[in-house]
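A.B. asks: Based on the sequences and whatever the hints tell you, model everything.
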Amino acid sequence: MESLDENTLKKLEILAVDIRKHIVEMLYKAKSGHPGGSLSAVDALVTLYYTIMKQNPKKPDDPNRDRFILSKGHAAPALYSVLAEQGYFSKKELNRLRRVNCMLQGHPVCLYIPGIEASTGSLGHGLSFANGVALAGRLDKKTYHVYVMLGDGETDEGQVWEAAAAASHYRLGNVIAMIDRNFLQIDGNTEDVLQLENVADRWKAFGWHVLEIDGHDITEIYDAFHEAKAITNKPSMIVLNTVKGKGVSYMENNVDFHGVPPNEMEYNLAMEELDLMKEKLGASA
Amino acid sequence: MKKKQMKNPRNAYGEKLVELGEKNKNIVVLDADLSKSTKTIMFAKEFPDRFFEMGIAEANMISTAAGLASCGKIPFASTFAVFATGRVYDQIRMDLAYSQSNVKIFATHGGISVGKDGASHQMIEDIALMRALPNMTVLAPSDATQTSKIVELMADHVGPMYARVGRANAPILYEPEYMETLELGKGMIVEEGDDVSILACGTMVDTALDAQRHLKKKNISAKIIDMHTIKPLDEKLVLKCAKETGHIITIEEHSVIGGLGAAVAETLAEQSRDPVGFYRMGIRDHFCESGDPADLLKKYKLDQAAITKTAEKLVND
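If you're matching them up, the sequences are chains A and B in order. If you read the first sequence in my numbering, its first letter stands for residue 451, the second for the next number, and so on. If you read the second sequence in my numbering, its first letter stands for residue 686, the second for the next number, and so on.
A portion of the hints provided could be inaccurate.
Which bits of chain B does chain A cover? Going by a derived footprint, with three or more residues having C-beta under 8 angstroms, they are [as the list claims (entries may be wrong)]:
#1 732-744
#2 755-762
#3 773-786
Below, in silico cross-link-like pairs of lysine-lysine (DSS-like), each with a Cα-Cα straight-line distance of 30 angstroms or less [what the hints assert, rightly or not]:
#4 A:Lys-592 - B:Lys-708
#5 A:Lys-592 - B:Lys-730
#6 B:Lys-710 - A:Lys-684
#7 B:Lys-916 - B:Lys-903
#8 B:Lys-688 - B:Lys-994
#9 B:Lys-871 - B:Lys-994
To list a few chain B residues with every Cβ distance to chain A over 12 angstroms, as calculated [what the hints assert, rightly or not]:
#10 Lys-710
#11 Ala-729
#12 Ala-950
#13 Phe-963
#14 Asp-970
#15 Asp-980
#16 Glu-997
Keep in mind that the hints were calculated from the coordinates and are not lab data. Every residue, glycine too, gets a C-beta built ideally from N, C-alpha and C.
C.D. replies: Here it is in structure tokens:
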């Protein structure tokens, strides 16, 4: 396996800032949505779509494509931004998030948003859905992979563990799951709400190949996906250690920004910070 | 009276799955540790690669079926009606109905004639739950022959569908040839009559036909309708019945809230210009109990005698 070259890395880091800018802007304009868990998911999504997945915005229904399922559907702004940057639909759509007569719903819906594989928003379904896609791929002798991202709080849901057991039972090596381990859910710290630790051990006990990485380090994420792809006899779980609200100082590790958009002052501050971040990476704001 | 020839609709389901599986490689079947009861085991034996035993994990089964359907498979997911709907309402809502996924839920053990297992296993709200979901088709075939035809149509029709049959052995009501014209969403007039229309679904169609024979002796002519499709409801037929007979009885092994009776009531209230005497037979907002199926159907007024009495009262009042 070749590691990520520096040029690509730099481009992706800059793109990740752009995605964060999209998220802040979308939510500010929509006056609703979930910033915290969208911002924590960005780096994994960028790495996945730009370096790992076999997918083509011009052929969203290609039967051989890799699939990505956003089980934590409330992070839709992050996924919508990546899909728009990829060209699945116009970036103008992002400004119309959550409005009447607009395509981009508050949570992903597969019926009419290009690039969305599964309708999510009620937590706990995505891994089961991914298992179904993986089983179909096995029947059809396809080589695609199914990627699925879960929230850490989401794994409170019992269905997640039904799916964890099934993926292991059926030895679904083509399933690569991620947990956005940002330690916060609506009611507070995940360990206070309903203890999740030790997350990695739980998944290992269910028969999964488990990796734990810095979920904001694109090189680490890239390497983890390659390691996971090499495991073919069992499903893989990548625990992404992340920071909720990553990239916007006052949102970081702040549970108040789980489901509340920035006001005008907060919006301006966030955009300033993100532009500064871009400049530091050597790009113009 | 000639003894009725019997065949369990569950067996008809299992046999039809095998037949469909031979013809269409996209048919896949999922079950939640009840394949011997739902008869999906017949498919499992013929096509082990396309059968997925999901264990006692119904939520995972439904969402997995949606994943399979997203790749062009035609999944049939089976378990008892109580687990196939109530336990997994959210999964059906999001992954099948909202997503217009091509998953077929075929549930067995619907209604109270499940018998001795008691109210925990007697599903009387499944039709109401499934009817409430946009995009969902809701079916309750009445005998083995009709079950076979309906399973075939489910495989052809694109979109989420729910079908339920009972547990018990059931009399054969129809010859296969009689099913050639069956259409989803179109009720079947099984007996013509002028005084009262009895609209029944599932296990209750046979009981309604028994009542029709008793009513004849009392000079009451009953039209018997097999409403195998509860959603979309054959509203034209309901209105025709109202016009032609002036009296309508619905009967189902289900709560009177939200099921066939409720669907017919909604249609009549909104659309009928004819005055109609109307009564919903079914479980009247309570749970039932353990017991022999025949005893239960008698106690909860879902037998021939109860229909005959209800029809007499309605027509003569």
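A.B. asks: Evaluate each hint against the coordinates.
C.D. replies: To see whether the hints hold, each was checked on the structure:
Check on the stretch 732-744 of chain B: 7 of its residues sit with their Cβ under 8 angstroms from a Cβ of chain A, so the three-residue criterion for coverage holds. For the stretch 755-762 of chain B, the stated coverage by chain A holds: 5 residues have a C-beta nearer than 8 angstroms to a C-beta of that chain, and at least 3 were required. For a cut-off of 8 angstroms, the count of residues in the stretch 773-786 of chain B with a CB near a CB of chain A stands at 8, and the three-residue condition holds. The straight-line distance between the Cα atoms of Lys-592 (chain A) and Lys-708 (chain B) is roughly 22 angstroms, inside the 30 angstroms bound, and the hint therefore holds.
Of the pairs offered as hints, the one joining Lys-592 (chain A) and Lys-730 (chain B) holds, with about 24 angstroms between alpha carbons and a cut-off of 30 angstroms not exceeded. The suggested pairing of Lys-710 (chain B) with Lys-684 (chain A) holds, with an alpha-carbon distance near 26 angstroms, which does not exceed 30 angstroms. With a C-alpha separation of about 34 angstroms, the suggested pair Lys-916 (chain B) and Lys-903 (chain B) falls outside the 30 angstroms cut-off, and the hint is violated. Between Lys-688 (chain B) and Lys-994 (chain B) the alpha-carbon distance is near 24 angstroms, which keeps this suggested pair within the 30 angstroms criterion.
The straight-line distance between the Cα atoms of Lys-871 (chain B) and Lys-994 (chain B) is roughly 28 angstroms, inside the 30 angstroms bound, and the hint therefore holds. Once the 12 angstroms rule is applied to beta carbons, Lys-710 (chain B) is inconsistent with being away from chain A; the minimum gap is 8 angstroms. The non-interface label for Ala-729 (chain B) is consistent with chain A: the shortest C-beta to C-beta separation is roughly 15 angstroms, beyond 12 angstroms. For Ala-950 (chain B), the shortest C-beta to C-beta distance to chain A comes to about 31 angstroms, beyond the 12 angstroms cut-off, and the non-interface label holds.
Residue-level check passed: Phe-963 (chain B) sits 38 angstroms from the nearest beta carbon of chain A, beyond 12 angstroms. Residue-level check passed: Asp-970 (chain B) sits 28 angstroms from the nearest beta carbon of chain A, beyond 12 angstroms. No Cβ of chain A comes within 12 angstroms of the Cβ of Asp-980 (chain B); the nearest lies about 37 angstroms off, and the non-interface call holds. With a least CB separation of 49 angstroms from chain A, Glu-997 (chain B) remains clear of the 12 angstroms interface cut-off, as annotated.
Hint check: violations occur at hints 7 and 10; the rest are consistent with the structure.
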